[in-house]
Amino acid sequence: MEIDPFIFRLSIFILSIFVGYYVVWSVTPSLHTPLMSVTNAISSVIIVGAIIAALAGASENIFETSNIFGFLAIILAAVNIFGGFLVTQRMLQMYKKKKK
Amino acid sequence: MSANLSASFYLISGILFILALRGLSSPETSRQGNYFGIAGMVISIIVTFLSVGNFGPGFIYVLIFLLIGGTIGAIIAFRIPMTAMPELVAGFHSLVGLAAVFVAISAFLKPEAFNLGVVGNIKLASLIEMSLGAAIGAITFSGSIIAFLKLRGIMSGAPITFKGQHIINLILGLTIILLIYYLCVSQSANSFWTIVLISFLVGVLLIIPIGGADMPVVISMLNSYSGWAAAGIGFTLENTALIITGALVGSSGAILSYIMCKGMNRSFFNVILGGWGATDQTNGSVVKEQKPVKSGNADDAAFLMKNASSVIIVPGYGMAVAQAQHALREMVDALKKNGVKVSYAIHPVAGRMPGHMNVLLAEANVPYDEVFELEEINNDFANCDVAYVIGANDVTNPVAKSDPQSPIYGMPVLDVEKSKSVLFVKRSLSPGYAGIDNDLFYRDNTLMLFADAKKMTEEIVKSL
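Which chain is which? The protein sequence lines are A and B, in order. In terms of my numbering, the first sequence has 93 at position 93, counting the first letter as 1, and numbering is strictly consecutive. Count along the second sequence from 1, then add 1000; that gives the number in my numbering.
Treat the hints with caution; some may be incorrect.
List of simulated lysine-lysine pairs, BS3-like, C-alpha gap at most 25 Å [as the list claims (entries may be wrong)]:
1. Lys1401(B) / Lys98(A)
2. Lys1337(B) / Lys98(A)
3. Lys1291(B) / Lys97(A)
4. Lys1337(B) / Lys1306(B)
5. Lys97(A) / Lys1336(B)
6. Lys96(A) / Lys1337(B)
7. Lys1123(B) / Lys97(A)
8. Lys96(A) / Lys1418(B)
9. Lys1291(B) / Lys98(A)
10. Lys98(A) / Lys1306(B)
11. Lys96(A) / Lys1341(B)
12. Lys1418(B) / Lys1291(B)
Just some of the chain A residues that point at chain B, by a computed CB distance under 8 Å [claimed, not checked]:
13. Ile7
14. Phe13
15. Ser26
Partial chain B-side listing against chain A, Cβ under 8 Å, derived [to be verified]:
16. Ser1013
17. Thr1083
18. Ala1084
No wet-lab data here; the hints were simulated from the structure. Where is the CB? At the ideal position from N, CA and C, for every residue including glycine.
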């Protein structure tokens, strides 16, 4: 019997939870705020789905309901991607070591 | 682009995202980590364009909307003051949640674009995945909006509770599960829309009973939810990058919630089921007898600290509210000129989100190697001459160690009272968020400085 591809995706998912568990425990507590803003930014990779939705069957009518939801999702995710990475960068730039 | 090739690139993006989080293990590697994250995002977006392969008029619109959103995001990122980070993060969570809902709706309306079957005959697994993604996304969205309003002060931070709240939540939760089952059986569009609507409602109901002081847990929890929503959509789209990211973000938020709960010695369910403020108000008002308090002024404080050999600063949310971090840095600079050794002690739940105080101190140019976590510094209080408590309260209360009756008993606290003298900057003797009196106020070695945190610190700078 062939293995359902779903099982492969589930395996990736569960292994990633473990990777996340160990990686996040190693994050220094002083960087927990940047951690939240950067996880925010990367979870906006959901923009991938938004792009597919926006371009679906776009040759005939590019503003069908499903496309519109895609475009809206693109705006939301883009705010998050740019905002998230930039604000993280801004914060990380502030962390300095003692001047010797 | 072939499906196998694009899947490989999505995997690379996922790995880059893991490296982005890995970089945060120390401030030196963190900036590089952030670039890994950006690279992962760019790869994902380009690969998606190439694999859809549709560069018609729609593509132009996608770019335009991408730029509009990006510009808004960039403006927010540059303008936002560091004290407003908790609201910003809550706001960003709501966007991820809503984007997940929109993508799920779009997939439900046009499943053929996502290879999920056709309208009225969507694959069973996809239906479950997209409805879960939409439901968690909707809860994240409305929950984050409430958290945002509370943090911004637009909505009162006091917990809103009513009778039967938990039962209603339970019923709504079960209804969502039943509707998902019904959706799978009938493919009914109405049940899909109802799931989304009820989930919006659940998000609101879930967050309104949680009080202001529990916000660090709420934000971390919503962070986790936004991850699980992304993972749900990732399964629907069969996209590895999204699945990996969703799992990372989901576990990251869960760990942060755990750390925050531990910092308050409370169980996760205890926080979710309603705040301290709601249950313990009766306890707080009983202890109202007058006890002697020593109070002083800026000159006294300056004198004490100037003649000390070591000072530990204990900042809390009050410092953020008063925007006192820059004045504080000036004070520390003046002390250092006098040869005083200064360090900072941060409690895990100081502030309104994990790591909030660290960012504010970093903004005020405090080197991060002078800032210590509770476990690292707690033994040093015994050898320190002056502890300067600014804007913190409950996290210094010795009652947590001595009185089993106290609602905060067992919560890890900073051993501030062990230092030779304690300077406590506070506007009045009012209790903190836990609604209990701080025993520290009445200790012999405590000198209360009744003033606004920023004003008092500035005055101390002047008299130093």
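Hints that the structure is at odds with (numbers, increasing)
1, 3, 7, 8, 9, 13, 17 and 18
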